[in-house]
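Engineer: One-letter residues, chain by chain:
2 protein chains.
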Amino acid sequence: MRVVKKFGGSSVATTEKIKNIAKDIAKNYKHGDEVVIVVSAMGKTTDELIKLAKEISKTPDVRELDSLLSIGEQQSISLLSMALKEEGCKAISLTGAQAGIKTGGVHTKNKIESIKADRIENHLQNGEIVIVAGFQGVNENGDITTLGRGGSDTSAVALAAALKCECEIYTDVTGIYGVDPRVYVNAKKLDKISYEEMMEMANLGAGVMETRAVEIGKKYGVRIYVGQTLGVETGTYICDNSEIIEKKAVTGISINKNVIMVNLENFSAIPKNVATIFNNLAEHSINVDMISQNEVENVKGSIGFTCPLTDEHFLNNSLKDIKKHIPEIELTKRTGVIKISLVGIGMISNFGVAAKVFEVLSDIDAQFYQCTTSEISISLIIKESDAVKVVERLAQVFSI
Amino acid sequence: MRVVKKFGGSSVATTEKIKNIAKDIAKNYKHGDEVVIVVSAMGKTTDELIKLAKEISKTPDVRELDSLLSIGEQQSISLLSMALKEEGCKAISLTGAQAGIKTGGVHTKNKIESIKADRIENHLQNGEIVIVAGFQGVNENGDITTLGRGGSDTSAVALAAALKCECEIYTDVTGIYGVDPRVYVNAKKLDKISYEEMMEMANLGAGVMETRAVEIGKKYGVRIYVGQTLGVETGTYICDNSEIIEKKAVTGISINKNVIMVNLENFSAIPKNVATIFNNLAEHSINVDMISQNEVENVKGSIGFTCPLTDEHFLNNSLKDIKKHIPEIELTKRTGVIKISLVGIGMISNFGVAAKVFEVLSDIDAQFYQCTTSEISISLIIKESDAVKVVERLAQVFSI
Numbered sequence: 010m011r012v013v014k015k016f017g018g019s020s021v022a023t024t025e026k027i028k029n030i031a032k033d034i035a036k037n038y039k040h041g042d043e044v045v046i047v048v049s050a051m052g053k054t055t056d057e058l059i060k061l062a063k064e065i066s067k068t069p070d071v072r073e074l075d076s077l078l079s080i081g082e083q084q085s086i087s088l089l090s091m092a093l094k095e096e097g098c099k100a101i102s103l104t105g106a107q108a109g110i111k112t113g114g115v116h117t118k119n120k121i122e123s124i125k126a127d128r129i130e131n132h133l134q135n136g137e138i139v140i141v142a143g144f145q146g147v148n149e150n151g152d153i154t155t156l157g158r159g160g161s162d163t164s165a166v167a168l169a170a171a172l173k174c175e176c177e178i179y180t181d182v183t184g185i186y187g188v189d190p191r192v193y194v195n196a197k198k199l200d201k202i203s204y205e206e207m208m209e210m211a212n213l214g215a216g217v218m219e220t221r222a223v224e225i226g227k228k229y230g231v232r233i234y235v236g237q238t239l240g241v242e243t244g245t246y247i248c249d250n251s252e253i254i255e256k257k258a259v260t261g262i263s264i265n266k267n268v269i270m271v272n273l274e275n276f277s278a279i280p281k282n283v284a285t286i287f288n289n290l291a292e293h294s295i296n297v298d299m300i301s302q303n304e305v306e307n308v309k310g311s312i313g314f315t316c317p318l319t320d321e322h323f324l325n326n327s328l329k330d331i332k333k334h335i336p337e338i339e340l341t342k343r344t345g346v347i348k349i350s351l352v353g354i355g356m357i358s359n360f361g362v363a364a365k366v367f368e369v370l371s372d373i374d375a376q377f378y379q380c381t382t383s384e385i386s387i388s389l390i391i392k393e394s395d396a397v398k399v400v401e402r403l404a405q406v407f408s409i
Numbered sequence: 010m011r012v013v014k015k016f017g018g019s020s021v022a023t024t025e026k027i028k029n030i031a032k033d034i035a036k037n038y039k040h041g042d043e044v045v046i047v048v049s050a051m052g053k054t055t056d057e058l059i060k061l062a063k064e065i066s067k068t069p070d071v072r073e074l075d076s077l078l079s080i081g082e083q084q085s086i087s088l089l090s091m092a093l094k095e096e097g098c099k100a101i102s103l104t105g106a107q108a109g110i111k112t113g114g115v116h117t118k119n120k121i122e123s124i125k126a127d128r129i130e131n132h133l134q135n136g137e138i139v140i141v142a143g144f145q146g147v148n149e150n151g152d153i154t155t156l157g158r159g160g161s162d163t164s165a166v167a168l169a170a171a172l173k174c175e176c177e178i179y180t181d182v183t184g185i186y187g188v189d190p191r192v193y194v195n196a197k198k199l200d201k202i203s204y205e206e207m208m209e210m211a212n213l214g215a216g217v218m219e220t221r222a223v224e225i226g227k228k229y230g231v232r233i234y235v236g237q238t239l240g241v242e243t244g245t246y247i248c249d250n251s252e253i254i255e256k257k258a259v260t261g262i263s264i265n266k267n268v269i270m271v272n273l274e275n276f277s278a279i280p281k282n283v284a285t286i287f288n289n290l291a292e293h294s295i296n297v298d299m300i301s302q303n304e305v306e307n308v309k310g311s312i313g314f315t316c317p318l319t320d321e322h323f324l325n326n327s328l329k330d331i332k333k334h335i336p337e338i339e340l341t342k343r344t345g346v347i348k349i350s351l352v353g354i355g356m357i358s359n360f361g362v363a364a365k366v367f368e369v370l371s372d373i374d375a376q377f378y379q380c381t382t383s384e385i386s387i388s389l390i391i392k393e394s395d396a397v398k399v400v401e402r403l404a405q406v407f408s409i
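Quick mapping for you: the protein sequence lines, in order, are chains P and B. Whatever position you read off the first sequence (first residue = 1), add 9 for the numbering used here. Whatever position you read off the second sequence (first residue = 1), add 9 for the numbering used here.
Source of the hints: derived by calculation from the structure; they are not laboratory data. A quick note: this is a predicted structure, and the numbers were derived from the prediction, not measured. For each residue, glycine too, the CB sits at the ideal point set by N, CA and C. Be aware that one or more of the hints could be misleading.
Derived DSS-like pairs (lysine-lysine); straight-line CA-CA distance at most 25 Å [unchecked claim]:
id, chain 1, residue 1, chain 2, residue 2
1, P, Lys99, B, Lys60
2, P, Lys111, B, Lys111
3, P, Lys60, B, Lys99
4, P, Lys32, B, Lys60
5, P, Lys36, B, Lys67
6, P, Lys309, P, Lys281
7, B, Lys67, P, Lys39
8, B, Lys111, P, Lys125
In silico negatives: residues of chain B with every beta carbon more than 10 Å from chain P [claimed, not checked]:
id, residue
9, Ser19
10, Lys36
11, His40
12, Lys228
13, Gly236
14, Ile279
15, Leu324
16, Phe360
17, Ser371
18, Ser383
19, Ser408
Model the full structure from these sequences, guided by the hints.
Structural biologist: Take a look at the structure:
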């Protein structure tokens, strides 16, 4: 069997850990599998490199930053290759460039454009384990590029697509849970989750997998397994919807604390004004989410939206600007709130989900400030103090 | 003016030091010079990487070791490039591969085969400072290679040869001295030294410059300047013999404490026996130096040689072997000795040098155990306890 296995930074944080995963990989190898490994930089290496760069410059040149950051993965692939040879395996490490990973876009936020996998195929045919540096590639100028945070997941899934095999992502957690087990102790681990649900969960702040990696998985039909490094428990498969027989109405609930809510009222909600508002927010680089508009009367409007709490400083500046352009507008900001999102591919055919959600809120007398929906999700802004109670009850009701 | 400047590991050991040399380089740049910089890894980075590799394997795979060690220089070039941009310079960092440095030979001990300098030329024409990773290149398989210890000097001089310009080597010391100033406080710094003398000095253990770098300098006529990083004193030029007007009989005295002396006596010094001895020493990887043979009678011979004290363990094994093959042989080992070598291109035309040396030894009643000569050097084995006195007196006699 051919497989791409990816190990994150905490799995290769020390030479001791590297030796342990080498022992584990050696078992696959001796079993006759064709194995490609993708690794991240050891532990906090990337953060330390960024710190060095910041000591030199507040705004380090991005081409140089890419070249600098890429050494973290080059270190871990070499060490892992040495460790695999100690275990009696044939092994070879390849940088992103050597592995044929071509990227485009802007430095520090590159995207994989293509993978020329000939060299990897040759090494596999030669009976070697191929260890590829995650997070990096090479652009058309021959410059080293990086894929941004979480880029090693993307490297792994893209390689699996090019090599037409499954991708296994090894991490600290035992799999993907419907609800964060730190919030709800009875949370169940999912056996399977669809690409669409996982993407929605990732976007909504679940933080287990990089969205881009799941997108590539969906596009090329790569089954992605998420499990614990050296763990014994079976993890979770991210796979095509058609593989999931029993489609639950709600697969997971994501919880996002980094949120602030804004209401704009008592102004003329004509397109010109609405455009002014959102252009201004964009100019201040504010990541606007959950927009809802209610027409109160014929001419007076009310618009609500959320944005990350970490953008509050920019938000304040933007709101001042907006007030200058539309003096009659009334602004209210609400903090101490939390966004919970119910995600489920089954929602498309389960019309009663929203009704059940509101019933739960009513039962426990929890107020909600805003609600938006997509085809496969419902998001609510509630009081932070109500969050645990609401999540627990929803998890029970939907058997998550 | 076009120039290649090389900075060693201690000159770029911290981000603070990197910023300081960036300020200095910026002056050249703003003066309109075309500047290529070669840097080593920061401080002890290479040693730390070797330590990591040794934690994984006692005999790390050499291809992987090369890939691992190369990241040290990749780190320093990126950081220096960022620092130069902070100083308002246009700058770009290039790995060995990106700079077109092609190598051949075996991993960890590669040799530069050719430099395709087109990319560097383009960047220079574009008004950029080009920062090249020392110590590394790429082989015909596209694998990263390193040049062995001191390889950054070699990179710098080879680049200067390809770019047809001078090479400046910046280091901890203010230049090249005729005698180690730690041994003889009145030692004089040389303004100039010929390639041949420098190579002889380096081989004899002076340790300032890598011999290979000087060899390349000689072959391609690259003038090499050795001076102190950010220092104000003028350093030393390594240049062609023809540039040196006043040819001193003795330019320098090198001192080597890492030496053990062996005498083999009372055996038939026929070629077969001599071959047996030196083949055996070679099989035990002993670096034999200063061979002298004296025929005592018609058939009985005596052979003396020296080798590094650090090889003593291998030497003992070899001597046991030799005794098995030639049972009548008598072996004596002498430690507590030191090798001093007088080097001077002027020696060729100064026949009295040896006589003066023996006069000095006689004057201060210093015994010597062995003596060998080359065209431009005389080497002596003396008692370690006599070394300082002998070196001081020789330095005075030859005005070094």
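Engineer: The structure should be examined with respect to each hint, and the outcome stated for every one.
Structural biologist: We went through each hint and held it up to the structure:
1. Lys99/P <-> Lys60/B: Judged against 25 Å, a Cα distance of about 23 Å means the pair holds.
2. Lys111/P <-> Lys111/B: Status holds; Cα separation ~22 Å.
3. Lys60/P <-> Lys99/B: At roughly 23 Å apart (the allowed maximum being 25 Å), Lys99/B and Lys60/P satisfy the hint.
4. Lys32/P <-> Lys60/B: Distance ~21 Å between Lys32/P and Lys60/B Cα, so the pair holds.
5. Lys36/P <-> Lys67/B: This hinted pair holds, its Cα atoms lying about 22 Å apart.
6. Lys309/P <-> Lys281/P: Holds - the C-alpha atoms of Lys281/P and Lys309/P are around 14 Å apart, at most 25 Å.
7. Lys67/B <-> Lys39/P: holds (23 Å)
8. Lys111/B <-> Lys125/P: This hinted pair holds, its Cα atoms lying about 23 Å apart.
9. Ser19: Ser19/B clear of chain P: closest Cβ-Cβ about 17 Å, beyond 10 Å.
10. Lys36: Per Cβ check, Lys36/B is outside 10 Å of chain P; nearest 18 Å; holds.
11. His40: Fine: 23 Å to the nearest Cβ keeps His40/B off the interface.
12. Lys228: Answer for Lys228/B: holds, closest chain P Cβ roughly 29 Å.
13. Gly236: Holds, because the least Cβ-Cβ distance between Gly236/B and chain P comes to about 25 Å, which exceeds 10 Å.
14. Ile279: holds (47 Å)
15. Leu324: Check passes; 31 Å lies beyond 10 Å.
16. Phe360: holds (56 Å)
17. Ser371: The claim holds: Ser371/B sits with its nearest Cβ about 57 Å from chain P, beyond 10 Å.
18. Ser383: It holds; Ser383/B is separated from chain P by about 42 Å at its closest Cβ, greater than 10 Å.
19. Ser408: Label holds. Min Cβ-Cβ 47 Å, cutoff 10 Å.
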